[in-house]
Amino acid sequence: MSGPAGAGRRTAAAHRLRDRYRRRAPGEPRAVGYLYVLPALAVFSVFLLWPLGQTGWLSLLHWDGLTRASWAGLGNYRDLLTDPGLRAPFAHAAVLLLFYSVLPVAVGLLLTAALTRFRIRGMAFFRTVLFLPQVLAMVVVGVAWRAVLAPDGLLNDTLGALGLDGLTRSWLGDDTWALPAVGAIGTWVETGLCLVLFLAGAQRLPRELYEAARIDGAGPVREFFTVTLPGLRAEVAVALTLTLVAALRNFDLIYITTGGGPGDATSVPSYEVYRRAFETGEVGAASAMGIALTVVIFALTVLVTRLVEGRGR
Amino acid sequence: MTTSRAERAATYGILGLFAVIALTPVAGILSTALADQSSLDTGFALPDGLNWSNFADAWTRGHFGRYLLSSVIVAVAVVAATTVLATLAAYAFGTMRFPGSTVLFYLFVAGLTVPQEAVIIPLYFDLRHWGLTDTYWGLILPQTAQSLAFGVFWMRTYFRSTPRSLLEAARLDGATHFSTLTRVLVPMGRPAFATLTVIVFMWTWNEFLLALVMVSDEAHRTVPLGLAFFQGQHSSDTALLAAAATLIALPVVLVYLLLQRRFIQGMLTGSAKE
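Line order of the protein sequences matches chains U and C. Quick note, the first sequence lines up with residues 1 to 313 if you use my numbering. Quick note, the second sequence lines up with residues 1 to 274 if you use my numbering.
Excised from the complex, chain U in its bound form (with noise of 0.2 Å):
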């Protein structure tokens, strides 16, 4: 310990190091940081945020397009709620959360189980084939589906040669059968998905639990659930956002195979706010399904977030 003297002379000292510190180090305020985040912002508020609330905006009109525009208040929302032709879509959206979301996951950790009680050889190769329908355009599937599931497609070739001559239909223009269709190709193309992320994830697992599981006498099912599933918990959360977020956005797809036939059959939100707005004329009744969307995905999301990682934390 030395003399108040001292003491004093260090502080200034400390104080002139700080002073400089404060201007010049980096990680410190300064205001040139506005200046970095500026032109970003300006394009990411004019084309993204201030079109978000113009949206709420005419949700809350009636408005065709063209002619002047009438206060709506609620009435579009109520509408979503009560309209049939409006609900629907969301239902349909519901059944392809099963097909784009529940099912690929599902399988994706069916297998998984099956797959992790040894390391796999060639799996870059497994990764690149079962990843790849995740890069290709949805326009591109959609024309590859539609050439699978057409009368004369490849479905219903392979059902006429096992014989099966009964099943055959025209999966995309049946009542029944077009939503489920749309579907599947949902399926195949995120199925890839869930595997490739949910096989790493087991592949990093460290091996001794599995041993120390089994030394316990756990069989394949008990291995599943007390290793497996807890130490995927992370990946079933990202697996289950990707593909919920693509269920919810398959405009591309519903465009390309259906276009919301046959009847209504295949109409779903994202699809609904393009033809209600820019082909029947219904803006405000369109932005209003699109808030509602942005709404149901944020909400899904969230709630995968607190379901899946919640837990345990």
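Treat the hints as calculated values from the structure; they're not laboratory data. Be careful, since some hints might not be right.
The following label-pair restraints were derived from C-beta to C-beta distances [to be verified]:
(1) V186(C) x L164(U): 23 to 33 Å
(2) Q233(C) x V46(U): 27 to 37 Å
(3) V20(C) x Y34(U): 50 to 60 Å
(4) L164(U) x M188(C): 43 to 53 Å
(5) P180(U) x G131(C): 38 to 48 Å
(6) A234(U) x R97(C): 25 to 35 Å
(7) P47(C) x G217(U): 50 to 60 Å
(8) L38(U) x R8(C): 52 to 62 Å
(9) V20(C) x V302(U): 16 to 26 Å
(10) T102(C) x P220(U): 20 to 30 Å
(11) V221(U) x G65(C): 14 to 24 Å
(12) T280(U) x L259(C): 40 to 50 Å
Heads up, the beta-carbon is just placed ideally off N, CA and C, and yes, glycines get one too.
Given the structure of chain U, go ahead and fit chain C onto it with the hints provided.
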């Protein structure tokens, strides 16, 4: 570890089956693209030789040469603009502190959950009012805005991961904050930039709804839009349709095969928000 031969066989059998399922529609399109044009079958076709003429036809008769040019222009512009703007903003968010920086950052991150369906309607009326429909700008600006949500989030993660001592050393060497960015952090961050580039490129290349709404003249049609129109007009011409689909998918698939890990990493991170 003890695993029976049968178990191994079953494992590879299952993986193989799923690989075949994943590849069948892709292989079907490729095969049909090389098949004879006169076939009236709307399903897949097997080629009886290699008919490259379908590609030439799609290129000229289907105008896909022109659509590809539009797609390249838009994709290059969106990737460049997103990279520059996101890097600048993320640099500030990742290495500087200023009042409101957290709120502003989360504003960008919130953009990750906004679907295009929620902005497309007013975007059309705004851009038409500004005379930007049927221009490349009408495709470039909105897609840049959407890509910025991911770009800012992704690049900030990179800037945060760079060691503080490095910034300090650059500062002591007399580097300004801007030259620290351009001379030190950007050259170091090649992997992060590679991921950002391939992801934004893929999104832009595959984008359909925005192009459908903003573009009505043929001169600005991008390839996905071209394919949709082509299908509407020549739905029975399966071979040409398949050739066109192949032309569209090829650039992204090639980049994917070369930079696969960047793709998977980027696509999975986009959803893993904080």
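Could you say whether the range 38 to 48 Å given as a hint is met by the Cβ separation of P180(U) and G131(C)?
45 Å, holds
For the range 43 to 53 Å, tell me whether the beta carbons of L164(U) and M188(C) fit it or not.
60 Å, violated
Distance restraint hint 52 to 62 Å, applied to the beta-carbon atoms of L38(U) and R8(C):
58 Å, holds
Is the hinted range of 40 to 50 Å satisfied by the C-beta distance from T280(U) to L259(C)?
43 Å, holds
Given the range 50 to 60 Å, decide if the beta-carbon distance of V20(C) to Y34(U) lies inside it.
55 Å, holds
Given the hint of 20 to 30 Å, is the C-beta distance from T102(C) to P220(U) inside that range or not?
Taking Cβ atoms as reference, T102(C) and P220(U) lie about 47 Å apart, which means the hint is violated.
Verdict for V20(C), V302(U) (Cβ pair) under range 16 to 26 Å:
Hint violated: Cβ distance 37 Å, outside 16 to 26 Å.
Just tell me: holds or violated, for the beta carbon distance of V221(U) and G65(C) against 14 to 24 Å?
57 Å, violated
Given the range 27 to 37 Å, decide if the beta-carbon distance of Q233(C) to V46(U) lies inside it.
36 Å, holds
C-beta pair P47(C), G217(U): status relative to the range 50 to 60 Å that was hinted:
56 Å, holds
Confirm or reject the claim that V186(C) and L164(U) have a C-beta distance inside 23 to 33 Å.
60 Å, violated
Quick one: are A234(U) and R97(C) within 25 to 35 Å, going by C-beta?
Between A234(U) and R97(C), where Cβ atoms are some 29 Å apart, the hint holds.
Hints 1, 4, 9, 10, 11, counting from the list given before, are not met by this structure.
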